[in-house]
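Chemist: So the protein lines, in turn, are chains V and P.
FYI, in numbering that gives the first Met the number 0 the residues of the first sequence are 0 to 549.
FYI, in numbering that gives the first Met the number 0 the residues of the second sequence are 0 to 164.
Hints were generated in silico from the structure; no laboratory data involved.
You may find that some hints are simply not true.
Below, a list of computed lysine-lysine pairs in the DSBU-like style, where the Cα atoms sit at most 30 Å apart [claimed, not checked]:
| # | chain 1 | residue 1 | chain 2 | residue 2 |
| --- | --- | --- | --- | --- |
| 1 | V | Lys166 | V | Lys319 |
| 2 | V | Lys29 | P | Lys1 |
| 3 | V | Lys246 | V | Lys473 |
| 4 | V | Lys96 | V | Lys221 |
| 5 | V | Lys29 | V | Lys76 |
| 6 | V | Lys96 | V | Lys246 |
| 7 | V | Lys221 | P | Lys2 |
| 8 | P | Lys159 | V | Lys29 |
| 9 | V | Lys293 | P | Lys2 |
Pulled a few chain V residues facing chain P out of the computed Cβ check, cut under 8 Å [stated by the list, open to error]:
| # | residue |
| --- | --- |
| 10 | Trp160 |
| 11 | Thr271 |
| 12 | Asn274 |
| 13 | Ser391 |
Think of the CB as a built atom: it goes at the ideal place given N, C-alpha and C, for glycine as much as any other residue.
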Amino acid sequence: MYQYDQFDQTLIEERTRQFRNQTQRFLEGKLASEEFQQLRLRNGLYVQKLAPMLRVAIPYGMLSSNQLRKLAHISRKYDKGYGHFTTRQNIQFNWPKLEQVPDILEQLASVQMHAIQTSGSCIRNITADPLAGVANDELEDPRPWAEIIRQWSTLHPEFNWLPRKFKIALSGSDHDRAAIKVHDIGLRLVRQQHRTGFEVWAGGGLGRTPIIASKIKPFLEKEHLLTYLTAILRVYNRLGRRDNKYKARIKILVKALGANAFSQHVESEWLTLKNSPDTISETNIDRFRNCFSKPDYLDLVDESISNDDIPESDCQLWLKHNVLDHKMSGYAIVNIALKDIGSAPGDISAAQMDLIADLADTYSSGEIRVTHEQNLVLADVRQSDLITLWHSLTTAKLATANLGLISDVICCPGGDFCSLANARSIPLAHAIQSQYQQIQEIVDIGALDINISGCMNACGHHHVGNIGILGVDKKGLEYYQISVGGDAGEQTQLARILGPAFPEQDITQAIERLVQCYRQSRLPQESFIQTFNRIGIEPFKTAAYPGTTA
Amino acid sequence: MKKLIAVDPSTYSAIDINPRKQPNERLLALADYLKLSTLDRARQVVLLEPDEDIDAVFEAIGEPPIIALNFPNFFDGRPFSTASILRQRYAYEGDIRAVGAVRVDQLEQMYRCGFSSFEIDDDPLSNTLVSAVQFFSYHYQSMISDSADRHACNSHNTAKPVPGP
Chain V
0 MYQYDQFDQT
10 LIEERTRQFR
20 NQTQRFLEGK
30 LASEEFQQLR
40 LRNGLYVQKL
50 APMLRVAIPY
60 GMLSSNQLRK
70 LAHISRKYDK
80 GYGHFTTRQN
90 IQFNWPKLEQ
100 VPDILEQLAS
110 VQMHAIQTSG
120 SCIRNITADP
130 LAGVANDELE
140 DPRPWAEIIR
150 QWSTLHPEFN
160 WLPRKFKIAL
170 SGSDHDRAAI
180 KVHDIGLRLV
190 RQQHRTGFEV
200 WAGGGLGRTP
210 IIASKIKPFL
220 EKEHLLTYLT
230 AILRVYNRLG
240 RRDNKYKARI
250 KILVKALGAN
260 AFSQHVESEW
270 LTLKNSPDTI
280 SETNIDRFRN
290 CFSKPDYLDL
300 VDESISNDDI
310 PESDCQLWLK
320 HNVLDHKMSG
330 YAIVNIALKD
340 IGSAPGDISA
350 AQMDLIADLA
360 DTYSSGEIRV
370 THEQNLVLAD
380 VRQSDLITLW
390 HSLTTAKLAT
400 ANLGLISDVI
410 CCPGGDFCSL
420 ANARSIPLAH
430 AIQSQYQQIQ
440 EIVDIGALDI
450 NISGCMNACG
460 HHHVGNIGIL
470 GVDKKGLEYY
480 QISVGGDAGE
490 QTQLARILGP
500 AFPEQDITQA
510 IERLVQCYRQ
520 SRLPQESFIQ
530 TFNRIGIEPF
540 KTAAYPGTTA
Chain P
0 MKKLIAVDPS
10 TYSAIDINPR
20 KQPNERLLAL
30 ADYLKLSTLD
40 RARQVVLLEP
50 DEDIDAVFEA
60 IGEPPIIALN
70 FPNFFDGRPF
80 STASILRQRY
90 AYEGDIRAVG
100 AVRVDQLEQM
110 YRCGFSSFEI
120 DDDPLSNTLV
130 SAVQFFSYHY
140 QSMISDSADR
150 HACNSHNTAK
160 PVPGP
């Protein structure tokens, strides 16, 4: 993975010192609260319902085992012994003390981590395919490019005060595991006449007004990546709306101008930027590529593990659902689902962090990846170690074999923690997970993403859930609106609202009616979303509201 | 009370440029500025609001020695782009002045985008913080005022790796 040099290290240490000074001035009453708010947000610090919340950047989801151990240490020393992985591959601490945050940042800097631009109206942490470098359908490893963008966007002086937050996602495969079309900018590595470049998408996003991005450039030569991004950001910074925060994202600008006109604005801005000093030289591209060289894979052959070798059915299920093919023979990709019933989706205890760090060292390449489904990945596990690894994970309640299944619920922190939320989301996730505990039943239902957001801001990405649940406030009571048919994958489609919202106690029954509708309507081998795409929303509406003519 | 400071590009340090060179110098809104004769314009400073389209305006104002860009509030980031465009696209070499809600925590970002003078609060705290014009030793972008040897991306090849992470 990327290793800091003296420049990178100096920069984050200086940022920590700068933030310490800003915090001190605020605590001494020398910095107005509305100014400190904007400054602390640009360093990942929110003030939430119960305590501040610190969001730490995990660039494109890559962590070393030592970094994970440091996160465990921070959660023990400065928090309540756990952390929460988000849908944007970051980690949040829910209970730090404001005056201790500079100390936490110092601890992070000692392992080449930071909280720069994890909130505020600026360019946020770059997200990418969590299977980068190991997926067998990959055109090119996106991580060197993600790191180039990370550096360029870090403390960019022109784009630190944008109309609104700005999210960039990157994929190196045809199969989109980074949801690039629901980002402010989505980039996909493509090849044209043996040359690498980017397909550029802009204006996607979830939140209050979900919109699928428009393709604004089919092929951008790789060396021009940063100058072209500068052009997009400059157009947005100048023309994006600042009068209404709900209309301030780039998606509203792209929609208002139309994708073609927006693209022309960008092209004309780019004319004066193209070939400027931020053009990336071949030497630099090579240098970044070398930072992500392959681990020393052994020359192995694929193992054939028969079910007779594995007496435990739980292990068989785990191998089937949580273990994916690796591009190297003899290796496998292991998903660790942080979706154990009883803890919030994405939550992880300090002890679990330490254990996973050790397992990554013993059984994988010492690296851990965070996925936008709030799970973790050990990317380079030898197939011959799989069963031993499963035993270790089971002991720590980390072997839930539900990856991509109905109980693998994606969920924001909701009203239990977040001051923006209309409703709680974690208890709902628990209710759904408790309803679907019979593994035969879960497996029979098959691939089904349930995404829960506690409010319109859509941190649980409910618009792209096969079943999406949105918390709404009805005269002070928590209600939940259900939508169906969203897809964060290759097809990227937005879910459609079924009808009136449900009170909390009726939600699990409504979900079950939708599941039954699918099971009764499906063709052999057809997944929930495939059935939905074939039969449409009407049968689901009828099922969701029995006794009414929906 | 406000005071005006500038950055000495050879040392990156802030220098006081009060009192103003022209005693009658005033900031004039674009519409008022355009009504003046060429001779009168020379004694005034044009003040551009963030929603004014610099591409439409630049020729009309005729390359004055000073262009002031207003920050109506400290979180309006448009003047950062306007300054960058003035330097990059129009190779403007005059003084770009930041006025309005100018905060010392933003001086370095402003300077790197091409601002060369700043109207800031004249109080002891601001005075101690103006050294923030050059807080960071390195940067990842090639902005107009950045010296190449402080550009981390270009210099990576010469840098020592830090053990870990």
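Chemist: Indicate, hint by hint, whether the structure satisfies it.
Modeler: Hint-by-hint comparison with the structure:
Taken as a hint, the lysine 166/V and lysine 319/V pair is broken in the structure, with Cα atoms around 33 Å apart against an allowance of 30 Å. Straight-line distance between C-alpha atoms of lysine 29/V and lysine 1/P comes to about 17 Å, which keeps the hinted pair within the 30 Å bound. With a C-alpha separation of about 24 Å, the suggested pair lysine 246/V and lysine 473/V falls inside the 30 Å cut-off, and the hint holds. For the given pair, lysine 96/V sits about 43 Å from lysine 221/V by alpha-carbon distance, which is inconsistent with the 30 Å threshold.
For the hint linking lysine 29/V to lysine 76/V, the alpha-carbon distance of about 29 Å falls within 30 Å, and the restraint holds. Our distance criterion of 30 Å between C-alpha atoms is broken by lysine 96/V and lysine 246/V, whose separation comes to about 33 Å. Only pairs whose Cα atoms come within 30 Å are accepted, and lysine 221/V paired with lysine 2/P is rejected, the gap being roughly 46 Å. For the suggested pair lysine 159/P and lysine 29/V, the alpha carbons sit about 38 Å apart, so the restraint of at most 30 Å is broken.
With a CA separation close to 56 Å, the supplied pair lysine 293/V and lysine 2/P exceeds the 30 Å bound. The interface hint given for tryptophan 160/V holds, since its Cβ lies 3 Å from the closest Cβ of chain P, which is under the 8 Å cut-off. Taking 8 Å as the C-beta cut-off, the interface hint given for threonine 271/V holds, the closest approach to chain P being about 5 Å. The closest approach between the C-beta of asparagine 274/V and any C-beta of chain P is roughly 12 Å, which is over the 8 Å cut-off, so the hint fails.
For the restraint placing serine 391/V at the interface with chain P, the shortest Cβ-Cβ distance is roughly 24 Å, beyond the 8 Å limit, so the hint is violated.
Checked against the numbered hints above, the structure breaks hints 1, 4, 6, 7, 8, 9, 12, 13 and satisfies the rest.
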